[in-house]
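Go ahead and model the full structure; you've got the sequences and the hints to work with.
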Amino acid sequence: MMFRFLSVGLIVLFSLVISTESVFAGFGVTPPYVRNTSLTRNSTYEQQILIVRGDPNTELKASILVDAPGFSDWVEVLEGDEFILPRGEQKVPMTVRVKVPSDAEFKNYNGALRIKTGAVDNAVGAGAVNISLGALIDLEFNVIDKVIEDFKIRKIGISDLNEGKKIGWLFFPGKINFSMMLENTGNVDVAPSKVAFRIYDASGKVLLEETKNLGKITKVKPFATEQVVAEIPTRLPAGAYMARFEIMNHDDVKLEGEVNLNILPYGTLQAAGFGFAGLSLPHKISVILPILAIFVVIILMYISRRRNRIK
Amino acid sequence: MKELSLIKNSAGKITIITGLVGVVIFAAIFILNFGAKELQKVEAQSNIATTSITVLNTPPGWTVDAEEESESSDANPTNSGDEVAWVATATDPSNQPYFLLVCDSPNSAVPAAAAGYGSLGTAPPSCTATSTQWAVSPAATSGVQARAATTTTEVGDDFNEQNTWYAWICDDDPVLPRCNAVSKQGTGLTASPFNMNSRPVFTGYSNDSPVLPGSVVTITATSSDPDVVPAQDDVQLFVCSTASFNVASSTCTATELASSTLSASNPAATYTITIPTQDDDYPVFLYIIDEHGHAASGGAQGGQSDITVSNAPPVVLSNQITLNDGQDIILTQDAGETTGFQIQFSVSDDNSCENAASGPEISGYELAVYRTTVGTTTCTPDAADYNPNNCYPSGLATSTWNLSCTASSTSCTFGVDGIDTTMVYDCTFPLWYVADPTDGSATTSIHFATDWSVAVRGVDDDLATSSYVQSNTGQELVSFLAYALDTFVIAYQQLEPGQQTDPLVATTTFRATGNIGLDQELSGQAMCSTYSGAFSCPNSATSTIPETEQVFATSSVTYATALGAGNFLSSSTYKYLDLNISKSTATNTQAEKETYWGIAVPGTITYSGAYTGENTFIGAASDASQW
Chain A
1 MMFRFLSVGL IVLFSLVIST ESVFAGFGVT PPYVRNTSLT RNSTYEQQIL IVRGDPNTEL
61 KASILVDAPG FSDWVEVLEG DEFILPRGEQ KVPMTVRVKV PSDAEFKNYN GALRIKTGAV
121 DNAVGAGAVN ISLGALIDLE FNVIDKVIED FKIRKIGISD LNEGKKIGWL FFPGKINFSM
181 MLENTGNVDV APSKVAFRIY DASGKVLLEE TKNLGKITKV KPFATEQVVA EIPTRLPAGA
241 YMARFEIMNH DDVKLEGEVN LNILPYGTLQ AAGFGFAGLS LPHKISVILP ILAIFVVIIL
301 MYISRRRNRI K
Chain B
1001 MKELSLIKNS AGKITIITGL VGVVIFAAIF ILNFGAKELQ KVEAQSNIAT TSITVLNTPP
1061 GWTVDAEEES ESSDANPTNS GDEVAWVATA TDPSNQPYFL LVCDSPNSAV PAAAAGYGSL
1121 GTAPPSCTAT STQWAVSPAA TSGVQARAAT TTTEVGDDFN EQNTWYAWIC DDDPVLPRCN
1181 AVSKQGTGLT ASPFNMNSRP VFTGYSNDSP VLPGSVVTIT ATSSDPDVVP AQDDVQLFVC
1241 STASFNVASS TCTATELASS TLSASNPAAT YTITIPTQDD DYPVFLYIID EHGHAASGGA
1301 QGGQSDITVS NAPPVVLSNQ ITLNDGQDII LTQDAGETTG FQIQFSVSDD NSCENAASGP
1361 EISGYELAVY RTTVGTTTCT PDAADYNPNN CYPSGLATST WNLSCTASST SCTFGVDGID
1421 TTMVYDCTFP LWYVADPTDG SATTSIHFAT DWSVAVRGVD DDLATSSYVQ SNTGQELVSF
1481 LAYALDTFVI AYQQLEPGQQ TDPLVATTTF RATGNIGLDQ ELSGQAMCST YSGAFSCPNS
1541 ATSTIPETEQ VFATSSVTYA TALGAGNFLS SSTYKYLDLN ISKSTATNTQ AEKETYWGIA
1601 VPGTITYSGA YTGENTFIGA ASDASQW
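Chains as they are written, first to last, in my numbering: chain A, 1 to 311; chain B, 1001 to 1627.
Rather than coming from a laboratory, the hints here were simulated on the basis of the structure. Don't be surprised by glycine CBs; every beta carbon is placed ideally from N, CA and C. Check before you lean on any hint, since a few could be wrong.
To be verified - List of simulated lysine-lysine pairs, DSS-like, C-alpha gap at most 25 Å:
{"hint": "1", "chain 1": "A", "residue 1": "K107", "chain 2": "A", "residue 2": "K146"}
{"hint": "2", "chain 1": "A", "residue 1": "K165", "chain 2": "A", "residue 2": "K284"}
{"hint": "3", "chain 1": "A", "residue 1": "K146", "chain 2": "A", "residue 2": "K194"}
{"hint": "4", "chain 1": "A", "residue 1": "K219", "chain 2": "B", "residue 2": "K1575"}
{"hint": "5", "chain 1": "A", "residue 1": "K219", "chain 2": "A", "residue 2": "K152"}
{"hint": "6", "chain 1": "B", "residue 1": "K1575", "chain 2": "A", "residue 2": "K116"}
{"hint": "7", "chain 1": "A", "residue 1": "K194", "chain 2": "A", "residue 2": "K221"}
{"hint": "8", "chain 1": "A", "residue 1": "K116", "chain 2": "B", "residue 2": "K1593"}
{"hint": "9", "chain 1": "A", "residue 1": "K152", "chain 2": "A", "residue 2": "K212"}
As the list claims (entries may be wrong) - Short derived list, chain B residues pointing at chain A, Cβ under 10 Å:
{"hint": "10", "residue": "L1323"}
{"hint": "11", "residue": "D1334"}
{"hint": "12", "residue": "L1481"}
{"hint": "13", "residue": "G1514"}
{"hint": "14", "residue": "M1527"}
Here it is as structure tokens:
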């Protein structure tokens, strides 16, 4: 029989013996805690915990017991206080949500959350001391009166790109898509304030171009980890380059380093380049001015017509 | 001279005939008395002398002085093989054609006479035998510019580097051909002498390869120029991609890879090998010109020099190594290996990602996954460094650590774009349940201040290796609280009502099957014959054994001791037991400890039969100091 019950037969015949069955029961959780030290009032934090069984050949019921003095009503398991650990599922996710009320005190909160397993129908083996297994999950929160705008870059990525292209007098630069796996370690939405590239020749000796991201980078919500992309223009021709990058959070350099950069001849990749946004300021002006002029002419013609009608 | 003598012999006869005719005419006039006054005068004159006159040919005169048609000077010499030309304009008093003659010394013109007046312009003059004739023009019409030209050869054949010239204008009068007594030497830049530019001499070459991509290769030519007026001529080396050189424009027909500056001899051109360039031999073709753009001929001109690009070791950048796709490492297999963790890394090579045989230039890797504080010195790819707690080297047999990496089929596009230096590898690997956790804090984890990293060393097709580079960003390995309860029985002693186990001898065994140390929380329900998960036992002194009668301890203490310590079960409160099970460190055995149990059967119990109850074991992380 699987781990859910360690049957210990207890028969009282004015003497006591223990009976029982052999069991090698495995159970676990990861991580065994829910922690956040930068919660603010009205903030919400979610963390996933995996419940692991060594031998999931029977469906079980997981019961959640929240032991959180003074903040038990903040803590919620999205799957409910009881949920099923299906047969055959070696690991089952469980999400703990913490919703900090608007009147929460600014202090540390410590508690525990216990997971206890049992038979789905609460059945127990008759004439035995049934044994159920469970795990203790620490709860540790700190509610603070401070905005923390910080993040950690867990991973970066850069893919090959097409070189820019000249259409008429307009040069549309190539687009470097610089992806970042960003973990918001603060308590407000955050994104890198700037991603700067210094692009060198392949040997890394000759600086060829300095550039930075255009447009805003999508912000990541507090406590979340998401991939965001910085779009960086380059006017360099096809070739192999070495780029030194800096990911900035205002004045702080959150990550810096070197990456190889391969710019391919235009049209090699089926990837979109920069549109109007990538044009240099003079080129933008050279496009906007004629359009503005046409608008002005149209407006003047309109005004002139109206005056003629009034006359 | 024969013709001249004939003319001289007949001249006397003509004079006599002319005299006789004159006498006849004079007599007739005298007899008829025509114009008596005038005849008297004639008579008077004839009384003084009889005149005989020969009108001689006069030489052409200079209208426009001779000069070089194009400047041929120190600064702008005429290349060997090119034409030097002179022009001048003369007017002949007899309106005869004339020739422009250019010699190397003064007083050297010798006119020639045409065969007759009907063949004027067919006998060009020449220079004296002791002088060198540079050129003579075709016959030019009087008043029309004449042009004399010659094609130069190399110095030493007929020309010196600097050649003085004198220009003459001559006619070829059949009777008395004449040259103007005055020779001309031009003025200004087009004046004598004319300068001849010899070809540079190019006898050999060398280069200092093998060199690495991105490095400078120097190609040296053994070459100089024989011209020394007014100073040694400089020479210049051109390095071309093909065996073709445009002499007229002094440029490579295809691609000019490099060129030297002008130097007096042995010019050297430098060329930076682009990145990427495959390790191979690359032919280049060498051409020498002098400072006047005159190309060498023969010898080593156009010779092929092979530049050997050597093998560059691969490079791994720390930012292009990603462990587990930027995610925390979460173990989920208790007492076993959790599979499917990821590594992605790029290896670049200045020889490109593809070798000259169109195979992979970047052929392999060595790596290790480790707890960062273990470091790359302790945890190398060598199998001997293996420790399932903190170091997983790629040198292990896959039966021990099943690392699996594949080169991305789409990452190397060198064959398409010719510039790709990078090969991307995607790997999966397992970790044992004992891998050290790095999350948490000082009280909850030993290694809370570090994380896990991967270090990679790239290997190329020549077995050159990169540095052993650690990923720039590490990943946390998450605490895994897992255990196994594998005790067969809680073997209480045989007891009668009113008896208790003393000391505690029944045990349950708790094994740490995760990566942290463990404690226990225990609770239990009262035992009776009617207990179920939904219904508790009735409060009966005769048929219910309260949960509080069961006690526990970490050792075989007396029942009273356990009870006195408060280690008795409760149905409402979980009792914490500091088992202090260490973190497991071996893959085949786990750290374990026993919980000692005891029970007291109340003396009031009268119900005889099977009792049912429920005890709950809650695994809890122990303090990190107890791991």
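Hints versus structure:
1. Under the criterion of a C-alpha separation no larger than 25 Å, the hint pairing K107(A) with K146(A) is consistent with the structure, at around 12 Å.
2. With a C-alpha separation of about 15 Å, the suggested pairing of K165(A) with K284(A) holds against the 25 Å cut-off.
3. Straight-line distance between C-alpha atoms of K146(A) and K194(A) comes to about 23 Å, which keeps the hinted pair within the 25 Å bound.
4. As the CA atoms of K219(A) and K1575(B) are separated by approximately 45 Å, the hinted pair breaks the 25 Å bound.
5. Proposed proximity of K219(A) and K152(A) is supported: the alpha carbons are some 13 Å apart, at most 25 Å.
6. For the proposed pair K1575(B) and K116(A), the alpha carbon gap of about 15 Å is at most 25 Å, so the pair holds.
7. Restraint check: the Cα-Cα separation between K194(A) and K221(A) comes to about 18 Å, which is no more than 25 Å; the hinted pair holds.
8. With a C-alpha separation of about 21 Å, the suggested pair K116(A) and K1593(B) falls inside the 25 Å cut-off, and the hint holds.
9. With a C-alpha separation of about 20 Å, the suggested pair K152(A) and K212(A) falls inside the 25 Å cut-off, and the hint holds.
10. Evaluation of the L1323(B) hint against chain A yields a held restraint, the C-beta minimum of about 8 Å falling below 10 Å.
11. Contact between D1334(B) and chain A, as hinted, is supported at the beta carbon level, the nearest pair being about 5 Å apart and thus within 10 Å.
12. The beta carbon of L1481(B) is positioned within 10 Å of a beta carbon in chain A (closest approach about 4 Å), and the interface hint is therefore held.
13. This hint holds: G1514(B) has a C-beta 5 Å from the nearest C-beta of chain A, less than the 10 Å allowed.
14. At about 6 Å, the closest approach between the beta carbon of M1527(B) and any beta carbon in chain A falls short of 10 Å, and the interface hint on this residue holds.
Hint check: a violation occurs at hint 4 only; the rest are consistent with the structure.
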